[in-house]
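> Sequence:
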Amino acid sequence: MKPSGRVPFFDVDPLSLYRPDLSARLQALGAPTYRRRQVYEHLMRHPSLPLEACTTLPAAMRAQLGPLMERRPRIEQRLDDTGQTTRLLLAMPDGIAVESVIMRYPGRTTLCVSTQAGCPVGCTFCATGAIGFTRNLRTDEIIDQVRLAAALLEQEGRRVTNVVFMGMGEPFLNRESVFGALRLLRDPRGLRVRARGLSVSTVGIPAGIIELAQREPQVNLALSLHAPNDELRERLLPINRKYPLAAVLQATDTHFAMTHRKLLVEYVLLGGVNDEPALARQLSQLLRDRVAAVNLISWNATGGPFRAPSARAVAAFRAELQRQHIDVALRASMGHSIQAACGQLVGRRARGRG
Numbered sequence: 001m002k003p004s005g006r007v008p009f010f011d012v013d014p015l016s017l018y019r020p021d022l023s024a025r026l027q028a029l030g031a032p033t034y035r036r037r038q039v040y041e042h043l044m045r046h047p048s049l050p051l052e053a054c055t056t057l058p059a060a061m062r063a064q065l066g067p068l069m070e071r072r073p074r075i076e077q078r079l080d081d082t083g084q085t086t087r088l089l090l091a092m093p094d095g096i097a098v099e100s101v102i103m104r105y106p107g108r109t110t111l112c113v114s115t116q117a118g119c120p121v122g123c124t125f126c127a128t129g130a131i132g133f134t135r136n137l138r139t140d141e142i143i144d145q146v147r148l149a150a151a152l153l154e155q156e157g158r159r160v161t162n163v164v165f166m167g168m169g170e171p172f173l174n175r176e177s178v179f180g181a182l183r184l185l186r187d188p189r190g191l192r193v194r195a196r197g198l199s200v201s202t203v204g205i206p207a208g209i210i211e212l213a214q215r216e217p218q219v220n221l222a223l224s225l226h227a228p229n230d231e232l233r234e235r236l237l238p239i240n241r242k243y244p245l246a247a248v249l250q251a252t253d254t255h256f257a258m259t260h261r262k263l264l265v266e267y268v269l270l271g272g273v274n275d276e277p278a279l280a281r282q283l284s285q286l287l288r289d290r291v292a293a294v295n296l297i298s299w300n301a302t303g304g305p306f307r308a309p310s311a312r313a314v315a316a317f318r319a320e321l322q323r324q325h326i327d328v329a330l331r332a333s334m335g336h337s338i339q340a341a342c343g344q345l346v347g348r349r350a351r352g353r354g
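Counting from 1, one number per residue, gives the positions in the sequence shown under this note's numbering.
Worth flagging that the hints you see were computed from the coordinates, not collected in a lab.
One should not assume that every hint holds.
Cβ-Cβ distance ranges computed for the label pairs, FRET-style [to be verified]:
# : residue 1 : residue 2 : range
1 : R192      : Q155      : 14 to 22 Å
2 : A91       : L232      : 33 to 41 Å
3 : E234      : K262      : 21 to 29 Å
Just so it is clear, CB atoms sit at the ideal spot from N, CA and C, and this is done for glycine as well.
Build the full structure now, drawing on both the sequences and the hints.
Below you can see the structure in the form of structure tokens.
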């Protein structure tokens with residue numbers, strides 16, 4: 001099976017994909033097609049400027065569109081950590097909150113975005129899972145996370161170069177919005193993020209993994225694995241009962257056959273739970289014949305029964321994977337002092353602790 005390839009950008013009005021209400025209002029006003037393009041390009045390329053500043057539009061048209069632009073998220077809280085990481089708590093017009101995280105590296109800036117308010121998956125070690133699920137985010141609500149971050153980064157002479165769908169929520173349980181956002185992100189007329197600078201992380205929804213290969217073959221796939229066997233994985237990720245490892249890995253194998261893209265395996269190390277060298281050996285058995293890389297992440301304390309792994313346990317786990325010739329990296333810890341684990345700020349907000 002071969003991926004269907006990219007759908008041409010110009011067969012769809014991108015403004016109608018991003019903000020159908022704005023597109024409909026312009027159509028009702030009898031505006032020509034090029035006006036929709038002007039509005040879209042202004043919003044994407046000048047995220048720090050209000051629509052009123054788009055002087056290529058007639059003043060009367062700006063006045064008509066202005067009230068619609070009030071329907072957008074706002075930054076309720078911003079927390080910075082040593083200049084590398086910025087966590088944003090974003091309030092939506094209906095009162096829900098989501099989080100996004102800016103991570104600065106030499107030569108690139110990565111934004112982690114949310115796809116749902118809360119999460120229905122219920123991973124036992126995840127702060128978002130403890131919040132519960134409220135609703136899916138729309139395409140524009142995902143894109144506006146990028147626009148708000150881009151506006152902040154403009155002041156630093158930076159831009160968003162990479163976007164990872166690794167925030168609150170399971171992307172493949174909100175596929176329509178996520179695929180719309182992926183398309184807009186890589187649009188050369190808009191935010192202009194390279195497809196290979198985009199990554200989607202999933203707990204393992206087979207249909208979503210296959211659809212990603214079909215619709216966005218250049219976008220990276222990350223699998224939140226966290227355990228190398230079904231028994232342990234079911235304890236940590238209850239969704240494993242519905243989608244056991246065999247089904248998930250069969251889907252990732254199909255994804256590779258269609259795209260030839262390396263699989264990124266995310267593995268959060270929990271002290272005394274999944275950090276034993278024997279489990280590293282099991283993990284290596286799973287991945288030995290697959291083109292994959294493991295990203296080890298030390299657990300960021302969110303309360304509950306888990307604890308961070310010791311430095312010795314992390315080193316031993318990594319060394320065992322290396323002995324088995326597995327490509328492995330230890331993700332640098334960023335943002336501990338600003339509660340950068342997914343869902344922590346929303347959880348504090350819900351408890352009224354700010």
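> Are the hints correct? Go through all of them and say.
Evaluated hints:
no., hint, verdict
1, R192 - Q155: 14 to 22 Å, "19 Å, holds"
2, A91 - L232: 33 to 41 Å, "37 Å, holds"
3, E234 - K262: 21 to 29 Å, "27 Å, holds"
Going through the hint list in order, the structure satisfies each hint without exception.
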